[in-house]
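Peer 1: Based on the provided sequences and hints, a complete structural model is requested.
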Amino acid sequence: MKTMLKNLAVGAVAALGLASLSPVAKAEDPIRIGSFLSVTGPAAFLGDPELKTLELYVHQLNENGGLLGREVQLVHYDDSGDASKARTFVTRLLRQDKVDLIIGGSTTGATMAAVPVIEQARVPFISLAGAETISTPVKKWVFKMPQSDRQAARRVLTDMRERGLTRIGLISGTGGFGASGRNVTLEEAKAMGIEVVADETYNPKDTDVTAQLTRIRNTDGVQAVLNFDFGQGPAIVTKNYKQLGIELPFYQSHGVASDSFLKLAGDAANGLRLPATALLVADTIPDSDPQHGVVTGYKKAYEDRYNSSVSTFGGYAYDGFQLAVQAIKQAGSTDPAKVRDALESIQGYVGVTGTYNLSAKDHMGLSYDSFRILEVKDGHWTLVE
Amino acid sequence: MFSEFFQFTFSGITLGAIYALVALGFTLIYNASHVINFAQGEFLMIGGMGTVVLVGTGLPLPAAMVGALVLATVAGILLHRLAIAPARDADVVTLIIITIGASIFLRGLAQFFWGKEYHALPRFSATESLSIGGATLLTQSLWILGIAVVLVVALAMFFSRSKLGKAILATSMNKDAARLAGIKTQVILGVAFGISALLGAAAGLIVTPITFTAYDVGIMLGLKGFVAAAIGGLGSSTGAVVGGLLLGLSEAYTAGYISSDYKDAVPFVIILAILFFLPNGLFGSRAAERV
Numbered sequence: 268m269k270t271m272l273k274n275l276a277v278g279a280v281a282a283l284g285l286a287s288l289s290p291v292a293k294a295e296d297p298i299r300i301g302s303f304l305s306v307t308g309p310a311a312f313l314g315d316p317e318l319k320t321l322e323l324y325v326h327q328l329n330e331n332g333g334l335l336g337r338e339v340q341l342v343h344y345d346d347s348g349d350a351s352k353a354r355t356f357v358t359r360l361l362r363q364d365k366v367d368l369i370i371g372g373s374t375t376g377a378t379m380a381a382v383p384v385i386e387q388a389r390v391p392f393i394s395l396a397g398a399e400t401i402s403t404p405v406k407k408w409v410f411k412m413p414q415s416d417r418q419a420a421r422r423v424l425t426d427m428r429e430r431g432l433t434r435i436g437l438i439s440g441t442g443g444f445g446a447s448g449r450n451v452t453l454e455e456a457k458a459m460g461i462e463v464v465a466d467e468t469y470n471p472k473d474t475d476v477t478a479q480l481t482r483i484r485n486t487d488g489v490q491a492v493l494n495f496d497f498g499q500g501p502a503i504v505t506k507n508y509k510q511l512g513i514e515l516p517f518y519q520s521h522g523v524a525s526d527s528f529l530k531l532a533g534d535a536a537n538g539l540r541l542p543a544t545a546l547l548v549a550d551t552i553p554d555s556d557p558q559h560g561v562v563t564g565y566k567k568a569y570e571d572r573y574n575s576s577v578s579t580f581g582g583y584a585y586d587g588f589q590l591a592v593q594a595i596k597q598a599g600s601t602d603p604a605k606v607r608d609a610l611e612s613i614q615g616y617v618g619v620t621g622t623y624n625l626s627a628k629d630h631m632g633l634s635y636d637s638f639r640i641l642e643v644k645d646g647h648w649t650l651v652e
Numbered sequence: 003m004f005s006e007f008f009q010f011t012f013s014g015i016t017l018g019a020i021y022a023l024v025a026l027g028f029t030l031i032y033n034a035s036h037v038i039n040f041a042q043g044e045f046l047m048i049g050g051m052g053t054v055v056l057v058g059t060g061l062p063l064p065a066a067m068v069g070a071l072v073l074a075t076v077a078g079i080l081l082h083r084l085a086i087a088p089a090r091d092a093d094v095v096t097l098i099i100i101t102i103g104a105s106i107f108l109r110g111l112a113q114f115f116w117g118k119e120y121h122a123l124p125r126f127s128a129t130e131s132l133s134i135g136g137a138t139l140l141t142q143s144l145w146i147l148g149i150a151v152v153l154v155v156a157l158a159m160f161f162s163r164s165k166l167g168k169a170i171l172a173t174s175m176n177k178d179a180a181r182l183a184g185i186k187t188q189v190i191l192g193v194a195f196g197i198s199a200l201l202g203a204a205a206g207l208i209v210t211p212i213t214f215t216a217y218d219v220g221i222m223l224g225l226k227g228f229v230a231a232a233i234g235g236l237g238s239s240t241g242a243v244v245g246g247l248l249l250g251l252s253e254a255y256t257a258g259y260i261s262s263d264y265k266d267a268v269p270f271v272i273i274l275a276i277l278f279f280l281p282n283g284l285f286g287s288r289a290a291e292r293v
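Chains as they are written, first to last, in the numbering used here: chain A, 268 to 652; chain B, 3 to 293.
It is worth saying that the hints were derived from the structure and are not from the lab. There's no promise every hint is true.
Some chain A residues close to chain B (C-beta under 10 Å, calculated; not the full set) [unchecked claim]:
1. A311
2. K472
3. D475
4. V476
5. Q479
6. N485
7. I503
8. K506
9. N507
10. K509
11. K530
12. Q597
Note that the structure is a prediction, hence the values are computed from the model and not measured. Quick reminder that beta carbons are idealized off the backbone N, C-alpha and C, glycines included.
Peer 2: Here you go:
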């Protein structure tokens, strides 16, 4: 036992010595991209496809000769949806692993916990979480890939106005996503001259919301209904909506833009509309669409490799990684300040989420019409022109 | 006006029937041991998720349902054998805490092996809902209510007629005396856990077409079921059904007539009121503790 320990110690010292004695290889050092994602825990549906996407494309990039002639290395930690773990891991990424850039933060909580550490360390950070606070006000080193819920609300309300629907009922979950969605919808509706005549809520774990929907249906002059939430709640709302035989146009938010929602809600989902990224209609998107190539390419690569269907969230990781690669190429080095400036100057990058136009004032770079309005027909998503 | 009232009532019945069925699961173990089994919600989850997983392996639906029920029963017996029996001399509170630990453990297993996605099961009847007086009622709610009533009758017969049922009651009343009378109390307790898990899994199966199922569905359903059982008087199966319906109806009327924001608050006020005036619940036994 003792000798084994001794051997181990010698080995460790030798390894440390080697590491510090090899500055010769400096130019050939790998580019280190750090990542902290919620691969397990309640937010695993976000982190799991995100990590798979990063691994897939890091591998692909290395197969094709790497970046700036250097290998790209992914250093990843699983924060399991815990914000304080996220902060610890980010500190480790920065101090110990000395990464050149960070892509991560599946949840808003994890992202916001990491932001102060990253701002202090001055390393570019691309967040994959949705909340508006991440990019408003602009933080020097922080970028974010997904659209905010405000843009989803605006996209839905725009579609309603185009159809002449100006008096709407709103039903939202009382969880974080639903509550925030409710607030931005009320604000945006006011700004756009749409009147919210009924405003109901439900607990995210509720199993029946027919009482709330009955109230909305019986409100005078209501012309359409929007349900803002994610998880299984919207599937229950959708089923109850059909059960009550409500004929008004029905909208969901981007929170349920996934095939698993269709599976849960079944027939009841037919006819509803929601804002989503083009990735969801990759199979039917017209060739003339600017996103056609990137969306079908990502879908095929991901599904061939993992044998499970793509999700919007993996799409954020795809865009984050491609933007990082482009910025490092443009900067010609991994100097954090140069990479950050390059990121900020990227214009017209066509990704799976939308077309990014980043600037010093906008570290998210997508406009609200990067959301497409989809309609469910016979259990499938279809693009509404 | 009336159609609105009907709709809120039907909505309450749907909710209430679910809560009632879950509450029934609590009665059996409580009757046998005075332990409130907080892993009851996880048995529900095993019923629903187990079926979904077995259907996923290619089994036909009825076989998958039977498989899930067997799986839950085994889980119930194992829970008793591995976690409750070793602590047989501990007091009731300790045992209750053990069941909380077991619930977290079972949830973790399900999350790890079965994933975190929500799943649905098809409803039992071909017709989805009935239209009565301008309001709609889910056929599945009727199934749930009907099965709850059948279970109440079956449980009543079980406790009053069968030897096993009487042995369970005897064990709960006085463990030592029961043992002296030749009842193997540990075996009886194991059986109680097994049957209770079976009941829970059946409930989980029946409610899934309405509630969906996932690894964590037992938290909310288990809690609401417990509340319903407490309103009705722990240990009374009639009480469990009445308590469940009361809870469901008060939630639906509050959401419908007052505001959905207070939907979860009003039932709790009712519970506090009931437990303040009737500490043993509506149908709880009023037997005085002998000193």
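Peer 1: Confirm or reject each hint.
Peer 2: Results for each hint:
| no. | hint | in the structure |
| --- | --- | --- |
| 1 | A311 | 6 Å, holds |
| 2 | K472 | 4 Å, holds |
| 3 | D475 | 5 Å, holds |
| 4 | V476 | 8 Å, holds |
| 5 | Q479 | 5 Å, holds |
| 6 | N485 | 6 Å, holds |
| 7 | I503 | 7 Å, holds |
| 8 | K506 | 8 Å, holds |
| 9 | N507 | 9 Å, holds |
| 10 | K509 | 8 Å, holds |
| 11 | K530 | 7 Å, holds |
| 12 | Q597 | 39 Å, violated |
In this structure, only the earlier hint numbered 12 is contradicted, and the remaining ones agree with it.
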